[in-house]
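Enquirer: Produce the entire structure from the sequences given, and follow the hints as far as they go.
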Amino acid sequence: ALCVMSSAAFTYHDYCIIGAGPSGLQAAYFLQQAGRDYTVFERSHAPGSFFALYPRHRKLISINKRYTGKSNSEFNLRHDWNSLLSHDRRLLFKHYSHDFFPDADTMVHYLEDFAALLKLQVQYNTAIIHVTLEKDEQAWNGHYFLLTDQDGQNYKCSSLLVATGTWVPNVVNFPGSEYVEGYETVSVNPEDFAGQTVLILGRGNSAFETAENILGVTNFIHMVSRSRVRLSWATHYVGDLRAINNGLLDTYQLKSLDGLLEGDLEDLAIVKDKKGKLHITLRFYLEDRNTSAGIDSITLPQDELDNFATRAPYDRVIRCLGWKFDFSIYNRSLKIMPGKGYKKKYPQINPNYESRSTQGLFVLGTASHSVDFRKSAGGFIHGFRYTTRAVHRLLENRHHGVPWPSTVYPITQLTNSIIKRVNEASGLYQMFSVLADIILLRENATAFEYLEEYPVGVLAELEMQTGRKAPSGLFVIIMEYGRNFSGDDKDVFYYNRAVGEAQHAWQSNFLHPVIYYYKRLPTEREMKLRPPDWPLPRPDAIHHIVEDFLTDWTAPNAHILPLRRFLENCLSTDLRNFFAESCFLFTFTHQKLPPFCREGYARMQGLLGSEGLRRHAVEAGLLEDYTPTDLLGDRRPANHRESQDQLLRDHVITVRPLQHLVNAKDE
Amino acid sequence: MQASSHKGICSFSFLLFCASSIPTQEGTRLLQELSPQEYFSSLQAGRASLAYFSPKVSPGAHPFLEQIENSAEALQDYGISVVKVNCPKEDISRYCGKENALRKAYLFRGNVLVREFPTDALFDVNSIVANVLFALLFNEVKYVETLEDLQNIENTLKGRSNMVFTYVPATGTAEHRAVMEAAFVYGTVHQFVLTTEAMLLKDSGNDEMSSAQMLFCHCQLVMDLSQPCRRTPMRDSLTLLNIHRHLKLMGAPLVTEVAEDPEKVSTVHLQLGLPLVFILSQKETYEADRRTAEFVAWQLLGKAGVALLSRDLLDLKVLLRSNIALKTPDEGVPIKYLTLEDTDEVITLVEDKNKIEQIQEEEEEEEEEENKEDNNQDIQDDQVVEAVSRDKKRELPLEKIRVLTEDNFHSALLETTQTVVLFYASWEAVSLAVLQSYAEVADHLKETQGLLLSRVNCWDWPGVCKLENVTQFPTIKVYQKGEHSVVYDGMWGTEELTNFIILSQVSCPLKLDTIDEAERYLRGEFPSELSSYQQPFLLGVFSTATSKAREAFEEAGNILSGHVAMGMYLEDDALAL
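Those protein sequences? They're chains X and D, same order as listed.
Quick note: the first sequence, position 555, residue 555 per the UniProt record's numbering, numbers continuous.
Quick note: the second sequence, position 389, residue 389 per the UniProt record's numbering, numbers continuous.
Quick caveat, the hints were computed from the structure, so don't treat them as lab data.
Here the structure is a predicted model, which is why all the values come from computation and not from measurement.
All C-beta atoms, glycine included, are put in the ideal place defined by N, C-alpha and C.
Certain hints may be false.
In silico DSS-like cross-links for lysine-lysine, where the CA-CA straight-line distance does not exceed 25 Å [as the list claims (entries may be wrong)]:
1) X:Lys94 / D:Lys466
2) D:Lys336 / D:Lys283
3) X:Lys70 / D:Lys466
4) X:Lys335 / X:Lys135
5) X:Lys156 / X:Lys335
6) D:Lys104 / D:Lys89
7) D:Lys283 / D:Lys264
8) X:Lys94 / X:Lys119
9) D:Lys264 / D:Lys303
10) X:Lys528 / D:Lys283
11) X:Lys469 / X:Lys519
12) D:Lys400 / X:Lys70
13) D:Lys477 / D:Lys400
14) X:Lys519 / D:Lys283
15) X:Lys59 / X:Lys324
16) X:Lys59 / X:Lys119
17) X:Lys343 / X:Lys490
18) D:Lys392 / X:Lys70
19) X:Lys528 / X:Lys343
20) D:Lys393 / X:Lys70
21) X:Lys94 / X:Lys156
Have a look at the derived ranges for each label pair, beta carbon to beta carbon [stated by the list, open to error]:
22) D:Ser226 / X:His399: 47 to 57 Å
23) X:Pro351 / D:Glu351: 46 to 56 Å
24) X:Gln253 / D:Pro397: 54 to 64 Å
Expert: Structure follows, in C-alpha cells:
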C-alpha cells in the first residue's frame, strides 16, 4: 500500500525484514505461510550476499550429511547444517551439494532457489540506510518503524525483523596497522604467498582457514591473538576452531616452523624496514618517538631480549578478526546497544530475541547470537532456523491471537511423546539448552498439552508469550552436555568419559535429554536467580536420560523405564501399559484403574495382545496364569470346592505398588 | 553472640567460685561480735551490713541468733556483713537503749539505716537472705500488688528491656530467696517484678496458682505499645540454678545462624544440657527457612535451641531431603538427620524424646524400603513392554502387510478400494503388540479381494503421520478409495479388528434390492464379503411410508459402521418377508 504523508511517500507493511540472508528468508517463509503482510529488503541483487563473498576460500564448515541410515526427515535435520526449514522437500541442501563441506557458491544458489521456489517477497537492490521510530498509540508496539533506503524511499512497518547478520569487519588500530591486509581483500591464491613469512592476527575459523590455504607454500606462519585457541571439539561450540581448519595446530606442535602466540593486539606495533619487511615491536617503545625517523632509531624487543619470539621479520601481516553487527543505521531513539565484553559484536537482545530497548524490533540470525554465544548454535543456520521459527510463533500470538501450536494428549501418551521428541526433534538437538519442549499438565494430570521448541530464557512469561495456560505444573524437555565436560582447557577424550548405566545418567557428559519438573511456572525472579550456567532454575525434580552412543534413546530398560518412573513419581500416577485381562481384573477389584486401562479398556479400546505376548507376560510374572482354570472341569467333583478356594487365592494378582515419592536423588 | 554467651558462662562460674571459696578463706566464724562504737566506726560507705543489737544473751532471742549466724555465710556472698553488736549495760543509745529495738535487726548501707526487720520476719536463712536482698534491691525488684501496676511497668519497659515477673505465695520463702539472689546478678540486665498476689498470675493465663511461678516477658522486642509482651514461663521449680538457666536461655539469640560443621557447633543450649535443632536451609529457601526457624524457636524457647544451617556454605554428606538435624547435649551421640513434614513434628521431636527414635526407625525402614525399591528400579514392571521385549528376537510374519513410506503412501491408497493402515512407532511396546495382532488379521484376510493391509512406521516417516493427523501410537485408519477414512476405535484384538475390517467393506446399512438378496443376507450368504463374518446380522424392513424410521435406521448404521452388520430392505413387497 502506497500512502502519502505530509512530506514523504512511504510503503507500509506489517512486517519488514532487513536482509535476505538465511535468517531473513527463513523468517519470510514463516510469515508467508501464515499469510502475513511482509517484505524483505536486500541491498544486493540476490539473496545471501555475505556468502557471495565469504568465506574467502569458499569452503563452508557447516556439514552437509547426506546419509544417516534413517529416513526420518526431522531426525536428519540434526545432521543437516545448511538447509532452511520449509515444507518443500526439494529444498534440502543434500540435493544441492555432494560435498560434506559444501562450496559457498552452493549456498548462494540454494538461497536463490529458496526465495524463488517459495515465492518469497524480497525487494532486492534496496539498502536500508536509516531506521527510526514514529510514535503512534495505534501501532502494535506504540510506534512504527520508518525505514529509508539508499534512494530516499521510505517504508513504514509495525514490526521490524533485523536479519542483517554480522558483516562489518573488526579492525584494530595500532602503530603500523596500515601495513596490515584484511581478510576481506587478501589474496586467496597460494602462489602469491610462495616463500613468504606471514603473520596472521586472530584465532578464529577465518584465521585458520587463511592459514590452511597457504600452509604449504609459506616459509612459516605465525598466528597471534589475545586468547588461547578454543577447539570446537572440546568446547562443543561449533563457532570455535573446527578440526577441518586446524592444519596449523599440527605443524605448530610438530615443530614445522609455524607457530601460535598469545598477546594483546592493542600493545602491538609494526615497523617497516627499508627492504619492505615488517618487524614486530611494542607500542610502548614507540611512545614519544618520531616514527618517521626510520627503523634504526626504534627499539625492537629483541634489542633487549635477544630471544624474543617474533624477532624474525614478516613479509605480510593479515588481519582475520571476524565481523560485527552494523549498528550505524539505527536512529539513537532505538537505543540499539552493543553487548558487554566478548558479546560486543552483537546487539543487546532479550531471550525472546526482541531488542532490549525497542519493542517490536526482533533480531534474527547470526546477529541474535548474544543469547547463546559460545554455548549453542543460535549464530548458525542450523540453530537460527529454529529460533526464527520461535520468534514467528511469539509474533503470531502477540499480534494475531494465534496461540503457540500445541497438541493435547491423554496422560497415557506422556512417556511416548517425550521419547518421540528426544529421538527425532532437531530443534532441541541443535539449539540445546536454548530451545525446550514444554509439557503443560492439565488438572489432575489426566491430560497434557505439548509445546515444541520454546525459548527457555522466557519460560517465566510462557503464559503471556504463548497464549497457553500452565495451571497444574509442567515438564521442560531440554538437551544438555554434562556440566563440566565442555571447555577450552578440557580433555574430552579421558577414559570413562561416557556413562552407560541409567542410574548414573545425571553424570552424562555428551548431549543428552534432561527433563525438569516444576509444580508451577518459575517466576521471573527465579529465572534471574538461577545458578550460573544453568539454563533453568532449580526444579522440583529433574531427570537425565542417560547419554547414548547412537543418540537413540528408545531402549526399554535403560531409557524408557527410568523416564517412566520419574514421570510417575512426579505425578503420583501409574503410567504402565496393561493387557485387557489386567484391566478387567482391576475393574472388578478395589483397585483404582490405571490411566492406561481408563483411557483404553474402559472405553472399549483395551489391548488384548496376542497369545504369545500374554504368555511372555505370564512367564515374566507380570500377568496371572489362567490356563489351569480350563483344566478344572476334568477334575472330580469332590475336589471342586477345595480347588475353587485355591483358585480364589491364585486370583489375587500382585501388582507391585509404585513408589510415589518424588525422588530428588537424581540431582 | 557466641562470644557474649561465653562471657555469661564465665561470670556465672566466677560467682560459684566465690560462693564456695570465700568461707574457707575467712574461717568458720563469720558472725562478728562488736561493740556499738566499734561497729559504727567500722561502717563503710556503700557497704551493707545487718546488725543485731544484744544487751546480753537474752534467752528469747537465742533461736533467732542461731539463724542469723547461719545466714552470715550466705549474705557474705553478696558483700553483706552480719554483726552482733554487744550493747554495754549502761548504753541507752538509739539501738541499744530501747527494749523494743532489741527485738529487731537493722540493715545499714554505709551508716544509713535502710530497713529494720522484726525478728519474727527473719525466721530462717531463706527469709533473712530474701528479705535483706529485697530491701537492698529496692529498685531492681519492683513489688506490685495490682494488675494495673504490673501493666504500667510492662508498658514502660516495652522496646527497652525485658521483664522477669515472679509470683511467690509469700515473701521470705526459699523461692523468694532464689528470685532475690537471681535479681542480685541479673537486676541490671532485666527488670524484676515480684508479686504475692495470685490474682496477677491468673490473669496472665496460668492456672497453677498454688506454687511460685516465674515468667520471662520479652518486652524489649515490642515496639508497639498496644502489643502485649510475649511471655515464656519457666517450667522448673524456682531454684537459683534453674532461674539462672532460664535467664541464660532467654538471653541467647532466638535463632543462631550456623555455617560450620554441625558436629562442631556449640551453643548455650548444648552447654546447659538442652538439645539443639538445626533447620537445614539453602539459599533459595532461606527466607522461608528463617521464618520457620523463628517460629519453631518461639515454640521451643527454654526447651531447645534452634539454629539455621546453610547447606550452601558447607558440604553436608546427608540426603538432600533431610531438613532437620538434632544435636543432643550428650557427648559422643552423633547428630540425627531427619525429614519432617511440619513444625509440629519438630516440636514434638524435642518434647517427646521417644519420638526421635520412632522417627528414626521409620526413616531407616523407609530407607531400607527405598533400597529395596532401588533394586527394583531397573526391573521392568510393565507387562506389555516386558512381553514385547521377550519376543523381540522372533521375526513377525509381516510379509502380507505392505510397508508404506512418505513416497508411496498416497499412491498406495488409490490402488485398492479399501486400505487399512496401521500407524505405529517401532520402538513403542503397545504398537508392537498391536502389530502382532495385525499380522494375525492379515493372515485371516489374505484371501479378501480389494483390500490392502499396510503399515507406516512413524519413527521412519513422521511427515506422513503428521499429515494424517496421527498423534498417538498405535492408530489404525481404514481408507475407502483413498479419500474417506475411518479411525478404528475398538479393542486391539485380532478378532475385533478382523470383524471391523470385514464390515467396513460393505456400506452400513446395506441396501438390499430383492427379497432373494434379503433372505441370502439373513443366511449369511450375501454379500460375499461378509461370508466369513460370524456375528449376528441385523435387517431393517421398511415400507415406503415409514421414512422417519428409515432415516433413524440409516443414522444408526452410520454410527455402528464396522461394528454391526446391518441390512435394509424397503421395496414394495417388504411385507412379504
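Enquirer: Determine for every hint whether it applies to the structure shown.
Expert: Hint check results:
1. At roughly 23 Å between alpha-carbon atoms, X:Lys94 and D:Lys466 fall within 25 Å of each other, so this suggested pair holds.
2. Note on D:Lys336 and D:Lys283: the hinted pairing holds, with a Cα-Cα distance of about 22 Å set against a maximum of 25 Å.
3. Note on X:Lys70 and D:Lys466: the hinted pairing holds, with a Cα-Cα distance of about 18 Å set against a maximum of 25 Å.
4. Between X:Lys335 and X:Lys135 the alpha-carbon distance is near 15 Å, which keeps this suggested pair within the 25 Å criterion.
5. The straight-line distance between the Cα atoms of X:Lys156 and X:Lys335 is roughly 19 Å, inside the 25 Å bound, and the hint therefore holds.
6. Between D:Lys104 and D:Lys89 the CA atoms are separated by roughly 18 Å; this keeps the pair inside 25 Å, and the hint holds.
7. Taken as a hint, the D:Lys283 and D:Lys264 pair is honoured in the structure, with Cα atoms around 22 Å apart against an allowance of 25 Å.
8. Distance check on the hinted pair: X:Lys94 and X:Lys119 sit about 21 Å apart at the alpha-carbon level, within 25 Å; holds.
9. Taking the CA atoms of D:Lys264 and D:Lys303, the gap is about 21 Å. The hint holds against a cut of 25 Å.
10. Taken as a hint, the X:Lys528 and D:Lys283 pair is honoured in the structure, with Cα atoms around 14 Å apart against an allowance of 25 Å.
11. Annotation: proposed proximity of X:Lys469 to X:Lys519 holds, straight-line Cα distance about 13 Å (limit 25 Å).
12. This hinted pair checks out: D:Lys400 and X:Lys70 have alpha carbons roughly 24 Å apart, not beyond 25 Å.
13. A hinted pair counts as satisfied when its Cα atoms are at most 25 Å apart, and D:Lys477 with D:Lys400 qualifies at roughly 17 Å.
14. The straight-line distance between the Cα atoms of X:Lys519 and D:Lys283 is roughly 19 Å, inside the 25 Å bound, and the hint therefore holds.
15. Taken as a hint, the X:Lys59 and X:Lys324 pair is honoured in the structure, with Cα atoms around 21 Å apart against an allowance of 25 Å.
16. Of the supplied pair hints, the one linking X:Lys59 and X:Lys119 is violated, its CA atoms being roughly 28 Å apart against a limit of 25 Å.
17. Under the criterion of a C-alpha separation no larger than 25 Å, the hint pairing X:Lys343 with X:Lys490 is consistent with the structure, at around 23 Å.
18. A hinted pair counts as satisfied when its Cα atoms are at most 25 Å apart, and D:Lys392 with X:Lys70 qualifies at roughly 21 Å.
19. Our distance criterion of 25 Å between C-alpha atoms is met by X:Lys528 and X:Lys343, whose separation comes to about 19 Å.
20. Of the supplied pair hints, the one linking D:Lys393 and X:Lys70 holds, its CA atoms being roughly 22 Å apart against a limit of 25 Å.
21. Between X:Lys94 and X:Lys156, the direct Cα distance comes to roughly 38 Å. Violation of the 25 Å bound is thereby established for this hinted pair.
22. As the Cβ distance of D:Ser226 to X:His399 is approximately 56 Å, the hint placing it in 47 to 57 Å holds.
23. Judged by the Cβ atoms, the range 46 to 56 Å given for X:Pro351 and D:Glu351 holds: they are separated by roughly 51 Å.
24. Between X:Gln253 and D:Pro397, the C-beta spacing of about 59 Å keeps the proposed range 54 to 64 Å intact.
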